[in-house]
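**Student:** Residue strings, one per chain:
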Amino acid sequence: GAVVSQHPSWVICKSGTSVKIECRSLDFQATTMFWYRQFPKQSLMLMATSNEGSKATYEQGVEKDKFLINHASLTLSTLTVTSAHPEDSSFYICSAPPAGGISSEQYFGPGTRLTVT
Amino acid sequence: SQKIEQNSEALNIQEGKTATLTCNYTNYSPAYLQWYRQDPGRGPVFLLLIRENEKEKRKERLKVTFDTTLKQSLFHITASQPADSATYLCALDSTGTYKYIFGTGTRLKVLA
Chain A
1 GAVVSQHPSW VICKSGTSVK IECRSLDFQA TTMFWYRQFP KQSLMLMATS NEGSKATYEQ
61 GVEKDKFLIN HASLTLSTLT VTSAHPEDSS FYICSAPPAG GISSEQYFGP GTRLTVT
Chain B
1 SQKIEQNSEA LNIQEGKTAT LTCNYTNYSP AYLQWYRQDP GRGPVFLLLI RENEKEKRKE
61 RLKVTFDTTL KQSLFHITAS QPADSATYLC ALDSTGTYKY IFGTGTRLKV LA
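Residue numbers (my numbering), protein chains in the order written: chain A, 1 to 117; chain B, 1 to 112.
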């Protein structure tokens, strides 16, 4: 199946700093990617939809100025957590559906563990 | 509000038996329902998709049923193996735009 990678796999940062997480589709093009957040023992929560060539759309309750998303190319989306705080510590996961699919199989990255101290 | 319920308690079964996991939902009319496997510290891995007009889907040792009247999906793993031990998530989408809502998952442990 198709592969989605994330970098870094884990990161520790100090409160107040910004962190960038990359999501890449390695062997297919993705005009749309999704960013999720997962807290321990909780479900994945969709944060935003990343659209190549246009602005991201954010789910209700997600601060767009805090979680900056840039879909720079058909294979790369980045999520920047700005002015990170300890409550932003979580597992961030991206996903990318195959082009032309309608809610069919989608491919998830391995996730990025963010710890804010 | 929309709610997806999966058994939060871990399910322990003996190797070789059939594991059955449940996904119930309320206040929702999904057109698509997916099942994923998630290992600790990893992203989910897609297993099966079933559409609202389908009753059952199979893939190798996996079987999914979808009952829109009962608002329930059942996920079966036959001839279970210790390697099947993981957390299994169900996810629902009503729009066809990949905006899935995920359940909290059920942890399955297959005992050798």
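Keep in mind the hints are simulated off the structure, nothing from the lab.
Treat the hints loosely; a few may be bogus.
Unchecked claim - Partial selection, computed: residues in chain B whose CB lies under 10 Å from chain A:
no.	residue
1	Ser8
2	Lys99
3	Gly103
Beta carbons are placed, not taken as given, at the ideal position from N, Cα and C, and that holds for glycine.
**Student:** Now tell me if each hint is right for this structure.
**Tutor:** Comparing the hints with the structure gives:
1. Ser8: holds, 8 Å
2. Lys99: holds, 6 Å
3. Gly103: Result: holds, 6 Å to nearest chain A Cβ.
In this structure, every one of the numbered hints holds.
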